[in-house]
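Number of protein chains: 2
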Amino acid sequence: MGFTRSRFLGGKPSKAPLLLPFLLTVLLVGSQGDGGAMDNGATERIAEESHRQDSAYLLIFIMLLTLTILTIWLFKHRRFRFLHETGLAMIYGLLVGVILRFGIHAPQSMSDVILGCAVNGSPATLLVNVSGRFYEYTLKGEVGQGKGHQVQDDEMLRKVTFDPEVFFNILLPPIIFHAGYSLKRRHFFRNIGSILAYAFIGTVISCFVIGLIMYGFVSFMKVVGQLDGDFYFTDCLFFGAIVSATDPVTVLAIFNELKVDVDLYALLFGESVLNDAVAIVLSSSIVAYQPAGDNSHSFEAMAMLKSFGVFLGVFSGSFALGVVTGVVTALVTKFTKLRDFPLLETALFFLMSWSTFLLAEACGFTGVVAVLFCGITQAHYTYNNLSPDSQDRTKQLFELLNFLAENFIFSYMGLTLFSFQSHVFNPLFIVGAFVAVFLGRAANIYPLSFLLNLGRKNKIGYNFQHVMMFAGLRGAMTFALSIRDTATYARQMMFSTTLLIVFFTVWICGGGTTPMLSFMSIPVGVDSDQDNANSGALDGSQRRSTKHESAWPFRIWYNFDHNYLKPLLTHSGPPLTATLPACCGPLARCLTSPQAYENEGQLHDDDSDFILNDASVSSMYADVTVSTDASGSRTVNPKHSSTARAGGGVGSFDEGLDHELSVAEHEVAIRGTRLVLPMDDPVEAPTTVTLPPPPSPPRSEPHRHRL
Amino acid sequence: MGFTRSRFLGGKPSKAPLLLPFLLTVLLVGSQGDGGAMDNGATERIAEESHRQDSAYLLIFIMLLTLTILTIWLFKHRRFRFLHETGLAMIYGLLVGVILRFGIHAPQSMSDVILGCAVNGSPATLLVNVSGRFYEYTLKGEVGQGKGHQVQDDEMLRKVTFDPEVFFNILLPPIIFHAGYSLKRRHFFRNIGSILAYAFIGTVISCFVIGLIMYGFVSFMKVVGQLDGDFYFTDCLFFGAIVSATDPVTVLAIFNELKVDVDLYALLFGESVLNDAVAIVLSSSIVAYQPAGDNSHSFEAMAMLKSFGVFLGVFSGSFALGVVTGVVTALVTKFTKLRDFPLLETALFFLMSWSTFLLAEACGFTGVVAVLFCGITQAHYTYNNLSPDSQDRTKQLFELLNFLAENFIFSYMGLTLFSFQSHVFNPLFIVGAFVAVFLGRAANIYPLSFLLNLGRKNKIGYNFQHVMMFAGLRGAMTFALSIRDTATYARQMMFSTTLLIVFFTVWICGGGTTPMLSFMSIPVGVDSDQDNANSGALDGSQRRSTKHESAWPFRIWYNFDHNYLKPLLTHSGPPLTATLPACCGPLARCLTSPQAYENEGQLHDDDSDFILNDASVSSMYADVTVSTDASGSRTVNPKHSSTARAGGGVGSFDEGLDHELSVAEHEVAIRGTRLVLPMDDPVEAPTTVTLPPPPSPPRSEPHRHRL
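Chains as they are written, first to last, in full-length UniProt numbering: chain A, 1 to 707; chain B, 1 to 707.
It is worth saying that the hints were derived from the structure and are not from the lab.
The reader is advised that the hints may include incorrect statements.
For identical chains, the list gives no copy identity; a pair is met inside one copy or between any two copies.
[Said to hold, decoys possible] Quick list of in silico lysine to aspartate or glutamate cross-link-like pairs, DMTMM-like style, CA-CA up to 20 Å:
| # | residue 1 | residue 2 |
| --- | --- | --- |
| 1 | K395 | D340 |
| 2 | K76 | D389 |
| 3 | K337 | E49 |
| 4 | K395 | D561 |
| 5 | K76 | D340 |
| 6 | K395 | E257 |
| 7 | K395 | D263 |
| 8 | K337 | D389 |
Isolated chain A (complex conformation) (with noise of 0.2 Å):
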């Protein structure tokens, strides 16, 4: 047992104790030690000059960004867009690396005093005693062996490296959150189906094709002698698990500018966003996949198990923290005043949304993903009780946050491939990972979107389908998963594959997004209103009808959500007066709150994209009217639901067009949930159709839903 007086250099602990750091913290690791005592003077003032210098070096990080900003400025006002904000800042990033690598050198002062101790132990923290004067020493992890004798030259470089943890405790939550928050729901909710396919089966088979195809290539390598450490299926199977996961940004951000298709976007970005969740989810449970024994590299059911059950445990875990802290705050929101005040109610909606990170990361559950679902949940229900004021502030603040934090870690990524001390570069490898990536992404969307054409009548088209698989861009999510441990020489080695897909993917795939759609003539400037009637070549109402089909437990979702949920959480949807059954009266009456009854009236005034949310829902339902009764209601329906949909896009739409589509809404709603139990009483349903839309037509539901 030795005392080695050292310098610790590149690699990094797998967990590092001291977490949630913000970026400005974590420049890594102390350093300074100039060797020989010190008094006390001489501690306070390298503390100093730490403390300068890190103030510096994190100040090259801020000046990156502001270029960034500029440049992006000018791009946008040139109408440039072949180069994304994330793209350049990667570009810049690289730059900044390779002056502090090549251009800057340090002077060295370096004393590698080995001092011998017995230690036999390694507690949290040490007291050292020097002449009398006591330093406090913490810990920051298990060093890779063979480390402590590595010297590397270039100091300023370990400087400007940040505790990984930085990245998924602080960076990304924003990044994430501000997904779910600006979810376009009706498109998503349309398409979930395919989304969850994608995002999950997908995401799963494409890490399983990754992993075995990287372990032919590593098995390779390893006869081929190309090979200096170990690397076992495990490794494999992480390496797969973390490329998975698709970035949404570079080529979203162009969909969104070019006016793509809303249905390729909503599927997209949906896949992206979920995806995201269940690669660190997937991730977390590879690493906990461990045989018992010593054998632990060996295959065993018991373990997988454990794993498939760990993957559960935390996915379900994590999505209830997020969805219940989502209620609560929807809750408050809805039974206080707070609206009166946005600034408090601004924060309280910041603080909750803060702490279902920790309150996950406290439990063992993933904070990432319970955030994510958390904003979904925010933008599901908590968005309507703010005030319009407030609404627009945490829109706004959660797109900067959004934004800086996207932009910082892109730019990190460019100077981390000069900056970081420990790449293995190994050319079989990156060629292996370059085609395992495409083979997985294929694997995932073609015999996936094969699947779902089978029950799908809305096509994926090739087109499509071709776009989805160019445009599976890797970004920040990879990253934060391959920095986070990169002890072992696996490890490293898929860091800085990772890396190069990255770039590959952002600039390449990124770049040439603009050509690929036009390449495979999608059509572009599509107002989202129409999507519907451009994605043509499809027969209307037969895809009507499989929409039906394929979309029942998310119909019985919407009821719910609709007459139950969102009554109980808003001031939208009709009052639960009229929802619940009638035993339930003083209760409901308590909860619904004041507003709701005037909703009956002029239906779910500051609530535009809800209006046209259920009205997209609701015309769905008009639909199958069409195709299951098919009787009189044929020539009316097509007209109302059409409107609907021409009404439903996000942007600006008019006062009249509103209370038109509020009135076809409810008209459709009652056809619909008619429709839905047809053979319960068809004598009924005339009835409720009938009903004047105001005072409480979906009444007798409840009863029908007991029958």
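Place chain B on chain A using the hints.
For chain B alone, coordinates are given in the frame of chain A:
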């Protein structure tokens, strides 16, 4: 030299080498060294456990803040004014502190093995080799002697203790920036002389008075034998400096709500904003006071001079940096069309403001001070270049950050009373401190007010003075300064005492503000428009001429600012082509924004605060016209000037008034300009007056200046 394996508790290092740590991060010290040899898995599990605990403890704070927000809402809802949100946050913090301290007992798992080891230095990073595994330790700082053996029982309390640098590098900057950014410039500049006097001279007086009184007390305590450690005169002065920083939040929140006299508001707000900066720099200068040789606590002229030099250097350096980054931001926002993209603009604004802090810290200046002046500059120039959307966004962003940071600090203060491990409550010292703080404040306010009243015709009445005396609360800045260094006995005693002072002033003085105002018969419910009319009992015209006389350096500055800086840095003001001498024509044309020419026509369209600001200053000039030139314009002028002032509030006003003001301003501005140099060419003056306002009235001005 021994290698002590033990736990570090309580006393914090004087300057942590890891800095700028986010609130999340630095739940101080890793802990959980369960002793004994650990394998890799165990280390990881410990790190994970630590992460979970940290999240849980941070969650406590988030919950505290949430609770505070809800209670604040209740208070505001019920118009309950005796307890401000900060006071409330402290109470909740106290309660949680009590629960943590006495309610929950964590099991003790201590292993205080002390291991001997020969080390002759304290490097920044230690690598400990335990059975072939390397563990990395980083230097936290030096520990006060004797601390090493002091074993505290409650580990949990230690876990909820943040690194004090968090306050300085994360929480204070947004608070201070917001103070600068939200400064009501009109009233501030009107009282600039008095504010500077209170902030600079007053704070220095207060610091020395408190220091001297405390030195008396401490000497007495030494004689009585009540003092257990060293307490030098520099310590007393340091104490004086930190408790001289008054906090605006509580009182000003009430003032704002009650619409108290704007001059009183401006005096208090201006003083408390600026004296924070003075107190920081003063305290660091006192720390820098180190006489040569070993005789480190005697008086020495050279060291004193050096300290004074440090004060001047740090203050002016920080000031310059803050202003420079503000100006750069203004230029960037002016010369790019960034305003088309509010998100980019807001991000740039945020990053530039943050970079001020980092730049100042990197240069060895004080970031917090730089940020204050940056905030003022941004408000004065950049704000006018921002798009209306960005103006809202930036205001709301910093409002939110300020709110969160402030309440976090105050709830932490409450908590720390019980959770801090090294409190030294010395009754004599506490009594002495309260007396000293009271007398120090009195020595600041009353003599200075007397002196200022000699020069000021708009006398600061006794009731105003009493309120200013009473409203000298101590808050976030005092706390942050005192917790920054709690290594020595003297500093611990100061910290504990400071905490009590903050509690007392926030609860008693803060809560007593409303009764105090009515007792002192301070006019409440004053519309800021009619401020001057209501401060009655003063001779109007006499006051005006005094204002003219006392404000001459400000007037020169105003002319320079209005004619050159504002046109150069913003879209408002007269075009530079009109104000610069003809020889600079091409340069002026290139620097003047197209909007400036339009401004000439419709004068400062989207910049209402500025119109009013200008109008107010101009009306001052108009008054001057009355007192010196006192000709026929006597009857015309007061009307104009009173109109201008009547519209001077920042509140709402209609377009008509706006236009009237513009005209009034133009007229009086011209008269004012004439007045500055009344004997130059009295013949030309009337022709200037008769010029129609829009095209280019100040054209001839530079010529006159050069006469």
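Hints and how they fare:
Proximity of K395 and D340 under a CA criterion of 20 Å is satisfied in both settings, with 18 Å inside one chain copy and 18 Å between copies. Taking CA atoms no more than 20 Å apart as the test, K76 paired with D389 passes between copies only; the shortest distance there is 18 Å, against 28 Å inside one copy. Taking the shortest alpha-carbon separations for K337 and E49, neither the intra-copy value of 50 Å nor the inter-copy value of 39 Å comes in at or below 20 Å. Neither within a single protomer nor between protomers do K395 and D561 lie at most 20 Å apart by alpha-carbon distance, with minima of 24 Å and 37 Å respectively.
In this assembly of identical chains, the alpha carbons of K76 and D340 lie at most 20 Å apart only when taken from different copies (10 Å versus 38 Å within one copy). Taking the closest pair of Cα atoms, K395 and E257 come within 20 Å of each other only inside a single copy of the chain (19 Å); across copies the shortest separation is 28 Å, beyond that limit. In this homomeric assembly, K395 and D263 never come within 20 Å of each other (Cα to Cα): the closest approach is 23 Å inside a single copy and 37 Å across copies. When the C-alpha separation of K337 and D389 is checked against a cutoff of 20 Å, the pair qualifies only within one copy, where the shortest distance is 14 Å, while the shortest distance between copies is 26 Å.
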